[in-house]
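S.K.: Quick mapping for you: the protein sequence lines, in order, are chains X and Z. According to this note's numbering, the residues represented by the first sequence are 1 to 536, in order. According to this note's numbering, the residues represented by the second sequence are 537 to 981, in order.
Treat the hints loosely; a few may be bogus.
[Stated by the list, open to error] In silico DSSO-like cross-links for lysine-lysine, where the CA-CA straight-line distance does not exceed 27 Å:
#, chain 1, residue 1, chain 2, residue 2
1, Z, 540, Z, 573
2, X, 416, Z, 588
3, Z, 585, Z, 958
4, X, 62, X, 45
5, Z, 958, X, 62
6, Z, 969, X, 44
7, Z, 969, X, 69
8, Z, 573, X, 26
9, X, 92, X, 136
10, Z, 806, X, 436
11, X, 441, Z, 914
12, Z, 958, X, 524
13, Z, 806, X, 45
[Said to hold, decoys possible] Residues from chain X that face chain Z, not an exhaustive set, calculated with beta carbons under 10 Å:
#, residue
14, 32
15, 75
16, 88
17, 202
18, 206
19, 249
20, 400
21, 522
[Unchecked claim] Which bits of chain X does chain Z cover? Going by a derived footprint, with three or more residues having C-beta under 8 Å, they are:
#, segment
22, 89-102
23, 289-296
24, 425-433
25, 493-506
Source of the hints: derived by calculation from the structure; they are not laboratory data. Even glycine gets a Cβ: it sits at the ideal position worked out from N, Cα and C.
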Amino acid sequence: MSVKATKEQRVKETEEEEISEDLDLKVKKYLRGGAANFDDLKDKKLKGQLSHREFLHGASAKAAAKYEKWLMPSEGGYLEADGPVEKTWRIKQEDIRREVDISSSRNQHDVILPEFSPYTLDFTSNGQYMAAAGRKGHLAIVDMKNMIPRREIQVGETVRDVVFLQDQSFFAAAQKKYTYIYGQEGIEAHCLKDQGAVLKLQFLKNHFLLASINKFGQLHYEDVSMGAMIGNIRTGLGRTDVMQVNPYNAVVGLGHSGGTVTMWKPTSSAPLVKMLCHHGPVSALAFHPNGHLMATAGKERKIKLWDLRKFEVLQTLPGHAKTLDFSQKGLLACGTGSFVQVLSDFSGTQNYSRYMNHSMVKGYKISNLLFRPYEDVLGIGHSMGWSSILIPGSGEPNFDSWVANPFETRKQRGEKEVHLLLDKLPPETIMLDPTKIGTVKTARKKEKSTTKEIEAEMEATIEAVKDGINMKKKTKGRSKPSKKLKKRQEIIAKAKRPFLEQQMQDGQLSIKKQKINEEVELPKSLQRFARKKAAT
Amino acid sequence: MKVKTISRSTDEFTRERSNDLQRVFRNYDPNLRPQEKAVEYVRALNAAKLEKIFGRPFVGAMEHNEAISCMAKNPNHLKGIFAGSEDGDIRLWDITSRRTVRKFPGHRGAVRGLTANTDGSRLVSCGADCIIRRWTVPVEDSSDDSVKPEDFHISKNAYWGVDHQWKGDQFATVGAQVDIWNHTSNAPVRSFQWGTDTVISVRFNPGHPDLLATSASDRSITLYDIKTTIPIKKLIMQTKTNSIAWNPMEPMNFTAANEDGNCYSYDLRKLNEATMVHTDHAAAVMDIDYSPTGREFVTGSYDRTVRIFRYNGGHSREIYHTSRMQRVFCVKFSCDASYVISGSDDYNLRLWKAMASEQLGVLLPREKKRHEYDEALKNRYKHLPEVKRILRHRHLPLPIYKAAALRRTMTEAARKKEEKRKAHSAPGSISTKPLRKRRIVREVE
Chain X
1 MSVKATKEQR VKETEEEEIS EDLDLKVKKY LRGGAANFDD LKDKKLKGQL SHREFLHGAS
61 AKAAAKYEKW LMPSEGGYLE ADGPVEKTWR IKQEDIRREV DISSSRNQHD VILPEFSPYT
121 LDFTSNGQYM AAAGRKGHLA IVDMKNMIPR REIQVGETVR DVVFLQDQSF FAAAQKKYTY
181 IYGQEGIEAH CLKDQGAVLK LQFLKNHFLL ASINKFGQLH YEDVSMGAMI GNIRTGLGRT
241 DVMQVNPYNA VVGLGHSGGT VTMWKPTSSA PLVKMLCHHG PVSALAFHPN GHLMATAGKE
301 RKIKLWDLRK FEVLQTLPGH AKTLDFSQKG LLACGTGSFV QVLSDFSGTQ NYSRYMNHSM
361 VKGYKISNLL FRPYEDVLGI GHSMGWSSIL IPGSGEPNFD SWVANPFETR KQRGEKEVHL
421 LLDKLPPETI MLDPTKIGTV KTARKKEKST TKEIEAEMEA TIEAVKDGIN MKKKTKGRSK
481 PSKKLKKRQE IIAKAKRPFL EQQMQDGQLS IKKQKINEEV ELPKSLQRFA RKKAAT
Chain Z
537 MKVKTISRST DEFTRERSND LQRVFRNYDP NLRPQEKAVE YVRALNAAKL EKIFGRPFVG
597 AMEHNEAISC MAKNPNHLKG IFAGSEDGDI RLWDITSRRT VRKFPGHRGA VRGLTANTDG
657 SRLVSCGADC IIRRWTVPVE DSSDDSVKPE DFHISKNAYW GVDHQWKGDQ FATVGAQVDI
717 WNHTSNAPVR SFQWGTDTVI SVRFNPGHPD LLATSASDRS ITLYDIKTTI PIKKLIMQTK
777 TNSIAWNPME PMNFTAANED GNCYSYDLRK LNEATMVHTD HAAAVMDIDY SPTGREFVTG
837 SYDRTVRIFR YNGGHSREIY HTSRMQRVFC VKFSCDASYV ISGSDDYNLR LWKAMASEQL
897 GVLLPREKKR HEYDEALKNR YKHLPEVKRI LRHRHLPLPI YKAAALRRTM TEAARKKEEK
957 RKAHSAPGSI STKPLRKRRI VREVE
């Protein structure tokens, strides 16, 4: 009996351990970085206050982790193969359709509209509505929950891109000459003439900024809440329609034909980052929602994944991609020709491998891929209309009613808009590391190299110069050994000179310092007659 | 093949009936809220601005026929306050309706001291007409609005102040000497005299019912135990102390409102230095009163302002003024710590909110939560320049602003002079006393 009891206890303990480990992992996410180190603090009172703060922070993280573990209403989707023979990427959409419930299978559909295609798509942040723009002048707003087209308009000219503003009540379309903003009834609200012929649009939701890149490679930021141009930047890197906003810090990434990717903020005319990613033109760009991962595709048949904290390449995959998109859960969709591939990093290792494939009908050319937020759905805009397929495990299963609510009512939408406007961020808050706000800027001190290091450096340069000396053969006694030796010594002395000069200067400085120290020895009443210290 | 996709039925995620509350789901994942720090900062900035917008502390005024000289709280009745004025008029005010409830006629000269006993049934007043009057405070609904004194006592000298024990039935009057009375006897139970100068204020200790502190015009603060016959301690400062207030939560500490414009907090057990010097007033501080929480106190000054200090803060947290308010002679914190009442030379009692931007009335839970959140945000970002500038800013009338600036210049000049003198003397020959000790002349046992 007692043995049994202990066994049960042990089982219980191991279970508890597992639970606590699982919780620890989750707590880490909510801690948002490690705790500060208070060991050097001498102020006991401050130390106490700060450690209390840290305690509260930890407690709130724990509470959030517990909430996530026990109280979330829905679980995420998944797709698993039976046994080692079956592969997830061989599973077809038809097979999935047979397995899932009716409401999910409604999300698999094709809309064939060849006369206005190719189509580009955009979803509202809660995934309730989709905007589709046909290149030949067709704009449509579709209610994705009820599968009803809310509004369709024909603008009668080229439409290159469409993007929702803060919610479904407004959307912007990049048309032949200008960008237009339409209300939800399809009535033109604004025409943004000073942006020129825009190729690609992006909306920065927290800042109410509409970012656009035009035919001449000019990047514009328009504040849509006030109607003011916040930034007008000439990139000087040529025409491009590869633009994507990093959702983590609202920095705009541009991919250029020279293979570089640049990142911009509205308040500076120079790029924050300029990195050479490919040897051919950059064809697509996407950012992971956590902001630390970027995927780029080059025309030289490479897809690269970048770590944006170190600006290093993590993984290089072969393949073309006309368009890339990350889902909320971090799946990466690549579209080229009529073929869609979805990559996944299983268990969050940032090592992406094949997850699902989807081939469209031959001849369809994919122009745009976009995951629908809070759903396991991938929207595909292509040369014959648009389609939607199921990608299990791509969407965030649990929404937050205060962030984005897929079941939003009209009243909630109105209140949300007011709150968004109240919390509108100024454009200065766009920066590479947004956690820097409210922190202390540490003064960066240049470290002085020691005398040993200086000597070593001098010797190294002298050696390099010696190795590099290559005397030409000259006539008329100019190649005499004595002359050659003299020349050689001259070259070495020249290389040495800057170091010696530096040494001299330092020596003089120390002498000066000594003098000043001597002056300090003067009696206090006489010090005001002493010579003023020279600015060093 | 095992497959599952997200599929939400509308019924599960929306309310059942139209009169139900909307259902709310939370997901605290940081990835769903990009730039949360920037958003928080903007919210803190907005909260600071809102605090300024709603910072309207003045509630209303109550008028006498002469300058207000003293006030007394009724400890048993939250909305009543007694006020005495220079023409001998004593009134009980209802501060919710701001109307006179009762008049206590009788004094011929200025009323100098007012106090009520612990249950608020009796009032004691004394004045420059050398009379102490004892009154029974009538219950609320009696129709007669003026009250006759129960009895009175005439002495040879004018009285300057009176205070009642926190627990017990004795009270102390000050003037030429310190007298201890009880409500039944017709002569003082005990009298103290230490020095010849007039005693100008008196306060009983809230913790120890028999301990009291007085200040006198010989610049002294004296402590008495009314059970013994001799006073305990005397502290002499460089300038006169106009009023004293004990901290009700830490009753060993008291704060003295000084003629030099500063308030000095002392620990009763260690009178050789102040625990804190509260500076900011540009002229003499006339009266001081602690909040019942013991965390704050209010001061009224000759510079026509009322200030609120934290008990451990060197500078004031708040300054109140109006263009019509003249020199403030008496201030009181209300018994629920949410209002401040000031009486001034311009015949008016003024009612102020203790927190200038606090929302009055019953708060809904959501409102309460919102205010708490805003408060936490302001506290978190109070050191950032933009937020700090908004939170610190107070608009001041030009004369007060200039007087404060002049005072700052003077103290700075004195400091510089001291520094120079020190620099040009033999090292160690001049020692600077800290501000906490500087104004103390000596301590007498």
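S.K.: Each hint: holds or not?
M.R.: Against the structure, the hints:
1. 540/Z - 573/Z: Not satisfied, since the Cα-Cα distance of roughly 35 Å exceeds 27 Å.
2. 416/X - 588/Z: 25 Å, holds
3. 585/Z - 958/Z: Distance ~45 Å between residue 585/Z and residue 958/Z Cα, so the pair is violated.
4. 62/X - 45/X: 26 Å, holds
5. 958/Z - 62/X: Answer violated: residue 958/Z to residue 62/X is near 57 Å, above 27 Å.
6. 969/Z - 44/X: 26 Å, holds
7. 969/Z - 69/X: 61 Å, violated
8. 573/Z - 26/X: 20 Å, holds
9. 92/X - 136/X: 32 Å, violated
10. 806/Z - 436/X: Violated, at about 47 Å.
11. 441/X - 914/Z: 20 Å, holds
12. 958/Z - 524/X: Status holds; Cα separation ~10 Å.
13. 806/Z - 45/X: Measuring from Cα to Cα gives roughly 23 Å; hence the hint holds.
14. 32: Hint on residue 32/X: holds, closest Cβ of chain Z at ~6 Å, below 10 Å.
15. 75: Constraint on residue 75/X satisfied, holds at 8 Å.
16. 88: Constraint on residue 88/X satisfied, holds at 8 Å.
17. 202: With a closest approach of 14 Å, the residue 202/X hint is violated.
18. 206: Since chain Z brings a Cβ to about 5 Å from residue 206/X, closer than 10 Å, the hint holds.
19. 249: Holds: closest Cβ of chain Z sits about 7 Å from residue 249/X, inside 10 Å.
20. 400: Holds: closest Cβ of chain Z sits about 4 Å from residue 400/X, inside 10 Å.
21. 522: With a minimum Cβ separation of about 12 Å from chain Z (threshold 10 Å), the hint on residue 522/X is violated.
22. 89-102: holds (count 6)
23. 289-296: Holds, because 3 residues of the segment 289-296 of chain X bring their Cβ atoms closer than 8 Å to Cβ atoms of chain Z.
24. 425-433: holds (count 3)
25. 493-506: violated (count 0)
When the structure is compared with the earlier hints, violations turn up for hints 1, 3, 5, 7, 9, 10, 17, 21, 25 and for no others.
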